[in-house]
Amino acid sequence: MASVESSPLNELRGRSGPLGAALDPVVLLLVAAAIALLVGCLRSAFFAQLTVEGLGLGAVYGGLALALVLVYRATHVINFAQGELAMATTYVAYQLMQWGFSYWEAFVATLAIAFVLGTVLQLAVIRPVQHRSVIAAVIVTVGLFILIDGVVNWIWGGNFKFMRSPFGTASFRVGGVTIQHLYVGMIGVVLACVVLVWALFRFTKLGLGMRAAALRPAAAAFVGVRVEWMLTLGWGLAAVLGAVAGLMAEPSQLFLTPTLMQQILVYAFAAAVLGGLESPAGAVVGGLAIGVFLTLVVGYVSAIGAELQLPVAFAVLLAILLVKPSGLFGKREVKRV
Amino acid sequence: MSALLELEGVEARYGPVTALRGVDLRVDEGEVVAVLGANGAGKTTLLRAISSTVRRSGGIRFGGNEIRRRSPEAAARLGIAHVPEGRGTFVELTVAENLRLGAYTRRGPLKDDFARVHSYFPWLEDRARQQAGTLSGGEQQMLALARAVMQRPRLFLLDEPSLGLAPLLVAEIFRIVAELNEREGATVLVAEQNANAALQTAGRAYVLEVGRVVLSGGSDDLRADDSVRRTYLGY
Numbered sequence: 011m012a013s014v015e016s017s018p019l020n021e022l023r024g025r026s027g028p029l030g031a032a033l034d035p036v037v038l039l040l041v042a043a044a045i046a047l048l049v050g051c052l053r054s055a056f057f058a059q060l061t062v063e064g065l066g067l068g069a070v071y072g073g074l075a076l077a078l079v080l081v082y083r084a085t086h087v088i089n090f091a092q093g094e095l096a097m098a099t100t101y102v103a104y105q106l107m108q109w110g111f112s113y114w115e116a117f118v119a120t121l122a123i124a125f126v127l128g129t130v131l132q133l134a135v136i137r138p139v140q141h142r143s144v145i146a147a148v149i150v151t152v153g154l155f156i157l158i159d160g161v162v163n164w165i166w167g168g169n170f171k172f173m174r175s176p177f178g179t180a181s182f183r184v185g186g187v188t189i190q191h192l193y194v195g196m197i198g199v200v201l202a203c204v205v206l207v208w209a210l211f212r213f214t215k216l217g218l219g220m221r222a223a224a225l226r227p228a229a230a231a232f233v234g235v236r237v238e239w240m241l242t243l244g245w246g247l248a249a250v251l252g253a254v255a256g257l258m259a260e261p262s263q264l265f266l267t268p269t270l271m272q273q274i275l276v277y278a279f280a281a282a283v284l285g286g287l288e289s290p291a292g293a294v295v296g297g298l299a300i301g302v303f304l305t306l307v308v309g310y311v312s313a314i315g316a317e318l319q320l321p322v323a324f325a326v327l328l329a330i331l332l333v334k335p336s337g338l339f340g341k342r343e344v345k346r347v
Numbered sequence: 062m063s064a065l066l067e068l069e070g071v072e073a074r075y076g077p078v079t080a081l082r083g084v085d086l087r088v089d090e091g092e093v094v095a096v097l098g099a100n101g102a103g104k105t106t107l108l109r110a111i112s113s114t115v116r117r118s119g120g121i122r123f124g125g126n127e128i129r130r131r132s133p134e135a136a137a138r139l140g141i142a143h144v145p146e147g148r149g150t151f152v153e154l155t156v157a158e159n160l161r162l163g164a165y166t167r168r169g170p171l172k173d174d175f176a177r178v179h180s181y182f183p184w185l186e187d188r189a190r191q192q193a194g195t196l197s198g199g200e201q202q203m204l205a206l207a208r209a210v211m212q213r214p215r216l217f218l219l220d221e222p223s224l225g226l227a228p229l230l231v232a233e234i235f236r237i238v239a240e241l242n243e244r245e246g247a248t249v250l251v252a253e254q255n256a257n258a259a260l261q262t263a264g265r266a267y268v269l270e271v272g273r274v275v276l277s278g279g280s281d282d283l284r285a286d287d288s289v290r291r292t293y294l295g296y
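If you read the protein sequences in the order shown, they are chains A and B.
Taking the working numbering, the leading residue of the first sequence gets 11, the next gets one more, and so forth.
Taking the working numbering, the leading residue of the second sequence gets 62, the next gets one more, and so forth.
Excised from the complex, chain A in its bound form:
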């Protein structure tokens, strides 16, 4: 019987499973883009510098986009307050450093506080309305945006704050290219956190339960997964990723202000949509792509200064929604009945 079951056709079906089938053209596209970037970097130091900067900023966009995707995938709620939450936790880190903690002590403590903040907000204001409708929960997140903004302004005021940079202002040279430690650090820290989150989902029972709860809540309940708690945990995890994005975004902005994450949230939306909204890997790849694209456009097209960066991001968002609404890694139904 086993020999019949594992016919060559089945083998083929098995291998072109979740990724293979959907990825092929997309992978080719990404590889081509990576090669183009590499060639550009080898030919021009200016291009290389912009690319590294773009990857650093893109990692931040990808981190915040991943937070958006984690919440969206589980509940189909777009959390408009994700950026403001990240901004608020950055202020928490600032306060901790004012009180004398070192940067990395404050970093770790902030992530813990972000987790608690995320879960408490979900329990207090999202869970009560979630069962009524998705749109109600989305509107609540818009309210949260305004609330968090107000609270931060009330506690810390709207004027500029200076935060120590975790990576200093030093730089190193590779070939003829000057690379700031900052951008390499941003990429490293965000991607390390992304890998940790991926490992949690991929290798732990808790992660399996969270995925099950997000994919099929009803069926997950039948095997004893506490679906509601998984959604709460998801919010906590998203807040942690947002906090990492906020902390890594801050040094690139010179000052800490309450508007820290507002533009970045738009870039993160663009990144999430580019990645297909439901795909964690897509969010990160989308973030890196948007970061590099915007930095190159602003660097080379003199007509588009830094001021026009946001409209360009918006145009990208619109273009994706018009041309390929399912994004790069958008979900393809693989259901055979």
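Worth flagging that the hints you see were computed from the coordinates, not collected in a lab.
Watch out, some of these pointers could steer you wrong.
Unchecked claim - Facing chain A, a subset of chain B residues (Cβ under 8 Å, in silico):
(1) Ser63
(2) Glu67
(3) Val115
(4) Ala137
(5) Arg138
(6) His143
(7) Leu154
(8) Arg161
(9) Gly163
(10) Tyr165
Unchecked claim - Have a look at the derived ranges for each label pair, beta carbon to beta carbon:
(11) Gln263/A / Glu127/B: 53 to 63 Å
(12) Gly76/B / Leu328/A: 21 to 31 Å
(13) Gly246/B / Val161/A: 55 to 65 Å
(14) Ala99/B / Ser143/A: 31 to 41 Å
(15) Ser143/A / Asn100/B: 29 to 39 Å
(16) Ala202/A / Pro170/B: 52 to 62 Å
Claimed, not checked - With the Cβ distance kept under 8 Å, some of the chain B side facing chain A (calculated, not the full set):
(17) Leu162
(18) Pro170
(19) Gln212
(20) Ser288
Backbone N, C-alpha and C fix where the C-beta goes; we use that ideal spot for every residue, glycine too.
Mind docking chain B on chain A? Use the hints.
For chain B alone, kept in the frame of chain A given last:
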């Protein structure tokens, strides 16, 4: 034999529609019991009431205790493995992940559980890393049953396992149910439209019509009953 599951005057409604009207039912430890009935007779609602997936009134005792915490998660943790109609397979996850989810509420290594499941479903072993969505309908139904076996439940609730499957696969699924019952004394409550297949495996059965139990008894007696024969067996 002691009663594992006892229902007394169970009622359930969806808005203004009453789906169950005063259902009494009993399943003993180690029994396979079928619930027969046409589409819309209330079979699915009955299973959902037992796993606390729908609101209901009336008494449901499981293992001698009234079910108090009414959520499907709590029912699963009590030892009720509900395999819903349409299987509830996690099509996006791999076969192995689907099985691991069956053992979600337990700690410790799963090696013995996997071995046990593979003794009933040998072909699953080769498919461990395959995405569940690429399995055929019959294979997905077996995977759902295998996931329930991983739960080591005290009671299996199977909702229409034959739905949309070829006769050969239906027979195979009921053969495995019978084997589970013989080898491990598994207790099973199975809702079926396919009365023929269900009555061959079940020792007793209840017949539901518009939310009411209209007939119950041993499978042989029901098969001999003229009205059952005409309405549900079709000869």
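Each hint tested on the structure:
1. Ser63: violated (24 Å)
2. Glu67: Hint on Glu67/B: violated, closest Cβ of chain A at ~22 Å, above 8 Å.
3. Val115: Violated, because the Cβ-Cβ distance from Val115/B to chain A comes to roughly 12 Å (cut-off 8 Å).
4. Ala137: Nearest chain A Cβ about 4 Å off; hint holds.
5. Arg138: Hint on Arg138/B: holds, closest Cβ of chain A at ~5 Å, below 8 Å.
6. His143: holds (5 Å)
7. Leu154: holds (7 Å)
8. Arg161: holds (6 Å)
9. Gly163: holds (6 Å)
10. Tyr165: holds (5 Å)
11. Gln263/A / Glu127/B: 53 to 63 Å: Distance hint for Gln263/A, Glu127/B holds at roughly 60 Å.
12. Gly76/B / Leu328/A: 21 to 31 Å: Given a distance of about 42 Å, which is not inside 21 to 31 Å, the answer is violated.
13. Gly246/B / Val161/A: 55 to 65 Å: holds (60 Å)
14. Ala99/B / Ser143/A: 31 to 41 Å: Since Ala99/B and Ser143/A have Cβ atoms about 34 Å apart, the given range 31 to 41 Å holds.
15. Ser143/A / Asn100/B: 29 to 39 Å: Holds - the Cβ-Cβ distance for Ser143/A and Asn100/B, about 30 Å, lies within 29 to 39 Å.
16. Ala202/A / Pro170/B: 52 to 62 Å: violated (30 Å)
17. Leu162: holds (5 Å)
18. Pro170: violated (12 Å)
19. Gln212: holds (6 Å)
20. Ser288: Where the cut-off is 8 Å and the nearest Cβ of chain A is about 33 Å from Ser288/B, the hint is violated.
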